[in-house]
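Below are the chains, spelled out letter by letter.
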Amino acid sequence: MSREEQAVARARKAFDTGRSKSLEHRIRQLRNLQRLLSERQKEISEAIKKDLNKSEVVIQLYETLGLEEEINLAIRKLKEWAAPRPVEKNLLTISDTVYIKPEPLGVVLIIGAWNYPWAVTIQPLIGAIAAGNAAVVKPSEVCVHTAKVMEELLPAYIDKELYPVVSGGVSETQELLRQRFDHIFYTGNSVVGKVIMEAAAKHLTPVTLELGGKSPCYIDKNCDISIACRRVAWGKYTNCGQTCIAPDYILCEPSIQDQVIEEITKSIKEFYTENPQTCPDYGRIINQRHFKRIMAMLDDSLVAVGGDSDESDCYIAPTVLRDVKPEAKVMQEEIFGPLLPILPVSGLDEAIKLINKGEKPLALYVFTPDDKMIKRIEDETSSGGLMANDCLVHYSVSSLPFGGVGNSGMGCYHGKFSFDQLSHLRGCLIKKLNKEGMNNMRYPPHTSKKLGWARFFILKSIDLGWIGRMALLAILVGVAAVVLQNYLK
Amino acid sequence: MEWQAVQQAREVFLSGRTRALEFRLQQLQALQRMITERETDICIALKQDINRSQYDTPLLELIGIENEIKLALEKLTEWAAPRPVEKNLLTMSDEVYIQKQPLGLVLIIGTWNYPWAVTLQPLVGAIAAGNGAVIKPSELSEHSSLLLRALLPRYLDKDLYPVVLGGVSKTQELLKQRFDHIFYTGSSSVGKLVMEAAAHQLTPVTLELGGKSPCYIDKNCDIRVACRRVTWGKFVNCGQTCIAPDYILCEPCIQGRVVECIRQTILEFYGADPKSSPDYGRIINQHHFNRVMDLMEGYAPVVGGQSDASQCYIAPTVLKDVPPHSRLMQEEIFGPLLPIMTVSDMDDAIHFINEREKPLALYIFCSDKKATKRMIEETTSGGVTVNDVMMHYTLSSLPFGGVGQSGMGNYHGKHTFDRLSHQRACLVRSLGMESVNLVRYPPQDRHRARRVRMVLKSSLIDLSKRTFIWAVSVSIIAFGLFITLLVILLIASGLNCTCWYWRGFYN
Chain A
1 MSREEQAVAR
11 ARKAFDTGRS
21 KSLEHRIRQL
31 RNLQRLLSER
41 QKEISEAIKK
51 DLNKSEVVIQ
61 LYETLGLEEE
71 INLAIRKLKE
81 WAAPRPVEKN
91 LLTISDTVYI
101 KPEPLGVVLI
111 IGAWNYPWAV
121 TIQPLIGAIA
131 AGNAAVVKPS
141 EVCVHTAKVM
151 EELLPAYIDK
161 ELYPVVSGGV
171 SETQELLRQR
181 FDHIFYTGNS
191 VVGKVIMEAA
201 AKHLTPVTLE
211 LGGKSPCYID
221 KNCDISIACR
231 RVAWGKYTNC
241 GQTCIAPDYI
251 LCEPSIQDQV
261 IEEITKSIKE
271 FYTENPQTCP
281 DYGRIINQRH
291 FKRIMAMLDD
301 SLVAVGGDSD
311 ESDCYIAPTV
321 LRDVKPEAKV
331 MQEEIFGPLL
341 PILPVSGLDE
351 AIKLINKGEK
361 PLALYVFTPD
371 DKMIKRIEDE
381 TSSGGLMAND
391 CLVHYSVSSL
401 PFGGVGNSGM
411 GCYHGKFSFD
421 QLSHLRGCLI
431 KKLNKEGMNN
441 MRYPPHTSKK
451 LGWARFFILK
461 SIDLGWIGRM
471 ALLAILVGVA
481 AVVLQNYLK
Chain B
1 MEWQAVQQAR
11 EVFLSGRTRA
21 LEFRLQQLQA
31 LQRMITERET
41 DICIALKQDI
51 NRSQYDTPLL
61 ELIGIENEIK
71 LALEKLTEWA
81 APRPVEKNLL
91 TMSDEVYIQK
101 QPLGLVLIIG
111 TWNYPWAVTL
121 QPLVGAIAAG
131 NGAVIKPSEL
141 SEHSSLLLRA
151 LLPRYLDKDL
161 YPVVLGGVSK
171 TQELLKQRFD
181 HIFYTGSSSV
191 GKLVMEAAAH
201 QLTPVTLELG
211 GKSPCYIDKN
221 CDIRVACRRV
231 TWGKFVNCGQ
241 TCIAPDYILC
251 EPCIQGRVVE
261 CIRQTILEFY
271 GADPKSSPDY
281 GRIINQHHFN
291 RVMDLMEGYA
301 PVVGGQSDAS
311 QCYIAPTVLK
321 DVPPHSRLMQ
331 EEIFGPLLPI
341 MTVSDMDDAI
351 HFINEREKPL
361 ALYIFCSDKK
371 ATKRMIEETT
381 SGGVTVNDVM
391 MHYTLSSLPF
401 GGVGQSGMGN
411 YHGKHTFDRL
421 SHQRACLVRS
431 LGMESVNLVR
441 YPPQDRHRAR
451 RVRMVLKSSL
461 IDLSKRTFIW
471 AVSVSIIAFG
481 LFITLLVILL
491 IASGLNCTCW
501 YWRGFYN
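Which chain is which? The protein sequence lines are A and B, in order.
So for the first sequence, the working numbering puts the first residue at 1; every next one is plus one.
So for the second sequence, the working numbering puts the first residue at 1; every next one is plus one.
Isolated chain A, as found in the complex:
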């Protein structure tokens, strides 16, 4: 038996004992996870710094803070989320008990990515634990140091049989995918996403795929361009552009292109000084392969700002490209790097057309003070999420479902959505063995009279809420009448 097979078998055995189901267990595990994040902040930060050159403060901000919030939310709301959810009844079921019961699925496989290794690997884990599942965690091998730290730390804090960490590369992942899971949660790119779904199909395993795409960013000429560009620059160059919801490219009218470039340049200087390579807040490209991939995109476009690089350091300066055409190399795939192409368009119409020509992106950004324009973009385009007048922030609101559509993914998570995504929502109807007479209309031998009754009972809708309110009012009126009558005697 391979190492992967063993880990999965152990997790399934542990799940079958039923110990992951009790709310106390789930809350305990979540609290342990919380302790891990607060007690081991230093080791986590050191590892990420080695992998991605992120400063400790930035790591807290973008990775662990979000996780702490999710854990707090889950602990606070778990009882509510896991409780049976009563639903509306009809005339036929008026005296029955009807509810939706959230249940754990079983063993979940979580495949993480390397750009925000803790955030994208542990957030699904929080949902998996909260929903009562076991989970096999496969961190990305590309962020070498973080994967190692995760492998050491997780078993030290949470149940090591229920939530094993399996590290490794492509072949280990393929071996894992041969095993049977009850849900697979993958964060990464569309190409591998297809492979994962194909593997899942063999076992009829449902999947959640958090993929990517080219997230467009439309800047209206009538908006406050300085603020807009500041926000875009922040969204783009954080983590050196290696964010799945980073604004991939800008669409704006030619008349404001120069101003946009100027403002972005100002922001870059403000954030990362004149020499970003020496600035502790500016990240690096994860590895040589990606470095080469991104540099190759510069070939056929005009560099307006930046463009310099240092291969030995995997450093690429914050770069802006101007007058980029849709056929350019940089527009063919998700950049996932600090290159910000600007495509001039004649107006909103052309922008919408261009956006709709491409695959549905994970995020769509629009900067404009005009509500009507926002509404138009909302109605005439589609994307995982839509954000007006800022970047990335929608990720941090846990009451919003975070996920893609089309090529940018399927399923969603964050907050209660993680819980629901990794649960089975089982419909339950509890009847009694009396009132068998009512059932006669469905039994053979059939007559048209019986059918008439059936039709009546099924199709007649009763707004039980309204009736309840009317009944209550009638009772109150009755009581008031009695009381008044007594006092007025």
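Heads up, some of the hints might be wrong.
Said to hold, decoys possible - Simulated coverage check for chain A against chain B, where a stretch passes if three residues somewhere in it have a Cβ under 8 Å from a Cβ of chain B:
(1) 37-45
(2) 197-207
(3) 217-228
(4) 334-345
(5) 386-396
To be clear, the hints were calculated from the coordinates, so they are not data collected in a lab.
Beta carbons are placed, not taken as given, at the ideal position from N, Cα and C, and that holds for glycine.
Got chain A sorted already, so can you dock chain B onto it with the hints?
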């Protein structure tokens, strides 16, 4: 030619025709008219396909579809409206909501046992959600498929909802086209192929599959009523229902009674000769007839067992003391054979059920609430009905779908609408208040980070209208109660009030 129809449907969808709610309501009303005006034609088609009685068709299929359409018509505005969500301190002054968007083009692959229900119910949701849809009904229910292809374009938009007929190869070709969601009802083996094909295009799927739905009868319940309900559920549509009780689990001491009650009920429903009853159906075709007859081989039935290959007729049949390793217990029966397997008690039954694949439905007949609760807790299944069979299907507020091998995703009522929509997270800010954002920009230091931390850590506040109204009304009621309490205390402490309201009080 069909590919042109698919292409055309996509182009018309992209033109935005389905966006307006009026359009969707219009289409749903047209579908409703189709069902009511053409009921007779539909019943005739089903009688030819599967010998379904003219009463069973409306009862089992058409009324359900009508109900779904009615619900969608009533609730569409509510379902399609943007849903505001809880905000936190960071997003206090922003608009935060979920927008419901159509996915695009949905492929609906139907099956032959309830050909109208399993194609039109998803179609109702697809239309309501603003999608276009390609409908591929099963070639095995030939007359229904032909009728569907004839009727649908006469009532609905001719471009957006094409019907494509054909067999396996046609379905395979369809699956090579690109869709935005594939809704498949059928068997698990084909379900895997559908999902594999969908994976190539990253198309999300809903798979309504099947399995062996267990039916546990507790020895202490009203066995006569239980058996009556089970008999109905099992033999309706000649056992060819995805949520039919597949087999019975009960203790040996009641097995005899169970058999007797079922025998009596069969007599009551279908008479002494079910073959001549207009209410008893047939097996869909020879292939399935042979398949079901093979399952019985080697076992002597205690009720029924007769068959007539020329009519694809198999009598309502009950088999007892069936061993767990028999062929009958290996695959979904999908026919009028009802095996009874004995178990020593409820724990044994739970153990038996959990050893097998997760079923589409679980049925429990038991008067003990605690025991029922335990059985539900310790097993899993797509859905559960206690003390009856199949009825959870009829309540559109319950999500209907499988888990594990019995399927993924769910539908009915609002669940169909949600399943075939994209829930798009929307956050609308203004370009003002940039000072709040300053803390997040580099250069980063600990002080700034701490401030951001504080803001991000604020709990979610529900600032929706409903909460506001609730808060105000509760405050008023609380205030009212407080005043009442004060008044009562004042009176009790003997205050002599000359106000005329209290005059009667002292008399």
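Checked hints:
A stretch counts as covered by a chain when three or more of its residues have a beta carbon under 8 Å from one of that chain; for the region 37-45 of chain A and chain B the count is 0, and the coverage is violated. Counting residues of the region 197-207 of chain A whose beta-carbon sits less than 8 Å from any beta-carbon of chain B gives 7, enough to reach three: the coverage restraint holds. Given as covered by chain B, the region 217-228 of chain A passes the check, having 4 residues with a CB less than 8 Å from a CB of that chain where 3 are the minimum. Counting residues of the region 334-345 of chain A whose CB lies closer than 8 Å to any CB of chain B gives 0, which falls below the minimum of 3, so the coverage claim is violated.
Against chain B, the region 386-396 of chain A contributes 8 residues with a C-beta closer than 8 Å to a partner C-beta. That satisfies the three-residue criterion, and the hint holds.
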